[in-house]
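K.L.:
The chain contents come next:
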Amino acid sequence: MTHEAGLAASFFQGALRSAGGFIVVFAAFLTFLAVPVRSDDASPGPDATKSIDVTIAYLGKSYAEVEPLSLVDKIYTDKGIQGARVGLSEDVRTGRLIGQNYRMIEAIIPETDDIKPKALDLLRSGVSLIVADLEPKDLLAVADLPEAQHAIIFSIRSNDVRLRNEDCRKNVFHIPPDWAMRADALAQYLIWKRWRNWALISGEAPMDKDYADAIRRAAKRFGGRIVGEKTYKFAAGSRRTDTGHQQVQKQMPLLTQGLGDYDVVIVADLGESFGDYLLFNTYEPRPVAGTQGLKAVSWHRSYEEAAATQMQHRFERKVGRIMTERDYSGWLAVRAFGEAVTRTGSIDPIVLRKYLLSDRFEVAGFKSQGMNFRRWDRQLRQPILLVGPRALVSVSPQEGFLHPKYLTDTLGYDEPESKCQQRN
Amino acid sequence: MVRLIVGFAVLISVCSQPAAAGTAFISNEKDNTITILDTDALKVIKSVPVGRRPRGMVLSPDHKQLFICAGDDDRLDVMDTTTFKITGTHETSGPDPELLDIDHAGKFIYIANEDDGMVTVIDAADGKVRGEIQIGVEPEGMAVSPDDTVVVATSESTSMAHFIDIKSLKVIANVLVDTRPRVARFTRDGKEVWVTAEVGGTVSVIDAQTHKIKQRLTFEIPGVRPELIQPMGVQFSKDGKHAFVALGKANRVAVISTATYKIEKLILVGQRPWHMDFNADKSKLFTANGLSNDVTVIDVATLKAEKSIPVGRLPWGLVIKP
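If you read the sequences in order, they're chains V and S. As numbered in my numbering, residues 1 to 424 make up the first sequence, in order. As numbered in my numbering, residues 425 to 746 make up the second sequence, in order.
Everything labelled a hint here was simulated from the structure, so no lab data went into it. Ideal Cβ positions, reconstructed from N, Cα and C, are used throughout, including at glycine. Each hint should be verified, as a subset may be incorrect.
As the list claims (entries may be wrong) - Computed cross-link-like contacts, BS3-like style, restricted to lysine-lysine with a CA-CA straight-line distance of at most 25 Å:
#1 137/V x 193/V
#2 50/V x 594/S
#3 50/V x 454/S
Unchecked claim - Computed list of chain V residues with no C-beta within reach of chain S, every gap over 10 Å:
#4 118
#5 221
#6 225
#7 418
Stated by the list, open to error - Away from chain V, derived, C-beta distances all over 10 Å, residues of chain S:
#8 506
#9 582
#10 600
#11 613
#12 666
#13 685
#14 723
#15 728
Let the sequences and hints guide you as you build the complete structure.
P.N.:
Printed below as a string of structure tokens:
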């Protein structure tokens with residue numbers, strides 16, 4: 001098209017942005033004139049008698065973020081909430097077509113504050129749909145409030161295995177995969193590759209131990225062998241030291257010696273103290289997997305399958321940064337609430353809960369299949385991405401790992417293994 | 425020189441079979457090209473570079489022009505279907521155009537703007553914007569009714585089919601269907617709209633008058649995991665008695681009776697059949713197979729897959745000029 005035509009078109013778009021309503025009415029008479037119609041309100045508008053108001057609360061604390069080892073990774077202090085906001089905008093868009101008005105109360109308090117009074121405020125004001133961006137202790141404090149008995153709490157932050165087992169709660173649903181699901185997703189791939197012998201190196205952070213435990217469990221489940229184990233004691237020489245690489249280049253080969261005949265190094269370093277340094281620095285030329293290297297995640301900036309590209313674009317355009325895993329969980333949680341309300345036409349938490357736990361519920365999250373909740377621990381079933389630093393490597397469950405009901409139930413704690421007492 | 429030879433070859437093939445020679449256009453999402461295929465010789469004629477991420481395509485009613493959504497370039501490319509040259513672009517398509525349809529007079533084009541939750545309507549001749557209609561999240565499917573009164577758009581994340589009145593460009597009905605609706609298509613008599621749901625794994629047959637779902641088709645294929653059944657493209661046979669539905673990662677095309685809604689046959693094709701179209705006399709159906717990078721040719725009389733032809737990377741759309 002010509003330059004002039006382009007100008008004309010942008011003029012029209014500008015004009016209709018400033019005078020939307022008038023032009024819509026006007027154009028109904030002049031349909032075939034060149035004046036473009038902008039129909040913002042996708043009527044038929046909400047039927048006032050049927051219209052419902054849906055309130056979701058985003059309850060979180062501004063916990064200190066772990067400082068990434070690599071300067072490539074930026075520290076974001078708004079992970080989760082940004083995803084939830086994008087999810088809300090989608091619920092709003094869907095809702096206005098069928099008379100459902102969605103809003104989200106954002107309640108994010110300082111780490112040192114007590115979460116209970118804030119939660120009580122929300123619950124007493126009648127909010128029963130909660131997206132919880134909380135660490136386990138705070139999550140359980142909220143879940144155990146008598147006022148929260150009938151609430152539906154979507155936990156989007158913690159990967160803790162105990163929250164799905166010993167510490168499970170009837171009112172808590174889990175959106176992100178736990179460490180066990182992630183370790184199993186990775187293990188299936190390593191077995192498929194016939195990389196059965198693993199050297200496990202853990203950091204000293206408490207979560208590193210949890211991750212290492214999940215790896216040991218996965219080895220047992222799928223026939224991996226942990227041929228050697230070490231703990232890395234963090235010392236100086238990490239991020240922001242100018243001469244760091246000399247240290248790294250000497251330390252990492254030492255660390256990866258004497259671990260037996262391993263096919264792959266599995267690293268458990270959620271504290272971000274050494275994991276990224278292992279790549280290309282191992283004593284034997286071996287790949288690195290675990291919390292660095294080949295990782296098992298629910299979302300990654302490189303993921304583009306099953307229309308994920310659209311989600312990445314949409315998020316980046318709205319938020320101005322990449323979408324992180326917690327953003328994905330936040331987005332998915334708000335979408336799952338939206339899906340349940342849209343399909344049931346109800347905001348009664350008892351009706352919604354029943355629907356969320358039924359076979360009819362499914363939420364799409366760019367994993368090319370509908371996802372639903374396991375009834376025994378309310379964990380969201382989902383395929384898990386295996387990603388390298390810059391590209392997708394595979395998606396688990398892997399071919400050949402079978403399950404009579406859901407293939408995704410080969411990941412994590414299946415019904416017979418679950419230690420959750422509060423089942424449905 | 426090469427171009428000259430190709431041009432000459434086209435000329436010969438056109439001259440030798442004037443009545444039957446058809447041309448298939450296949451959009452290769454990852455290659456940023458359109459593969460051009462002779463539907464009689466079943467040979468690739470050439471591959472034409474277009475805008476980035478080409479997906480949906482539609483022919484003008486006179487078959488002279490092909491409109492191509494170049495999603496990542498936020499524009500439509502217009503191809504001359506005889507010379508295979510890009511003769512123009514419409515940058516008025518709205519952001520991230522994915523699928524589109526054109527009315528039967530060839531006047532207006534209806535475009536789904538996937539990233540923007542919107543349908544953009546442009547004049548086919550000069551690309552001038554006639555209107556924009558806000559619908560649900562991730563619009564995709566687009567179908568103009570046979571009588572040019574209604575256009576049906578689907579939105580993938582909202583899981584709805586939106587019926588839009590063409591005169592007023594107002595949404596007159598929103599129909600909740602199963603998860604991630606992709607393609608909407610009117611039956612030949614205009615009485616029904618078939619909407620495929622990729623993640624839901626179903627087809628909703630909607631009454632075009634009442635906007636009610638009259639039938640919900642589900643698929644069970646022995647040996648195929650349910651999550652691989654991803655209904656996508658839809659085409660109706662010449663006599664209107666059969667619907668062909670591409671089932672995505674199930675690697676099959678389902679043949680469904682439009683009278684009984686029963687699945688009569690499943691035809692194994694290449695991997696992830698997506699969009700489909702018939703040749704001129706509708707004796708053959710062509711499928712674009714995204715994951716095996718080829719096109720499968722199905723014989724409509726015998727319902728057998730006859731041949732596959734390699735094309736570009738991640739073939740998505742397929743349109744045939746009779």
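K.L.:
All hints are to be evaluated individually against the structure, with a verdict given for each.
P.N.:
Quick rundown of the hints versus the structure:
1. 137/V x 193/V: 38 Å, violated
2. 50/V x 594/S: At roughly 21 Å apart (the allowed maximum being 25 Å), residue 594/S and residue 50/V satisfy the hint.
3. 50/V x 454/S: 45 Å, violated
4. 118: 31 Å, holds
5. 221: It holds; residue 221/V is separated from chain S by about 21 Å at its closest Cβ, greater than 10 Å.
6. 225: 30 Å, holds
7. 418: Since the minimum Cβ distance to chain S is about 23 Å, residue 418/V lies beyond 10 Å and the statement holds.
8. 506: 21 Å, holds
9. 582: Residue 582/S not clear of chain V: closest Cβ-Cβ about 4 Å, inside 10 Å.
10. 600: 7 Å, violated
11. 613: 26 Å, holds
12. 666: Since the minimum Cβ distance to chain V is about 27 Å, residue 666/S lies beyond 10 Å and the statement holds.
13. 685: The claim stands: residue 685/S keeps its Cβ more than 10 Å from every Cβ of chain V (closest is about 21 Å).
14. 723: 30 Å, holds
15. 728: Label holds. Min Cβ-Cβ 28 Å, cutoff 10 Å.
Hints 1, 3, 9 and 10 from the list above are not met by this structure, while the remaining hints are.
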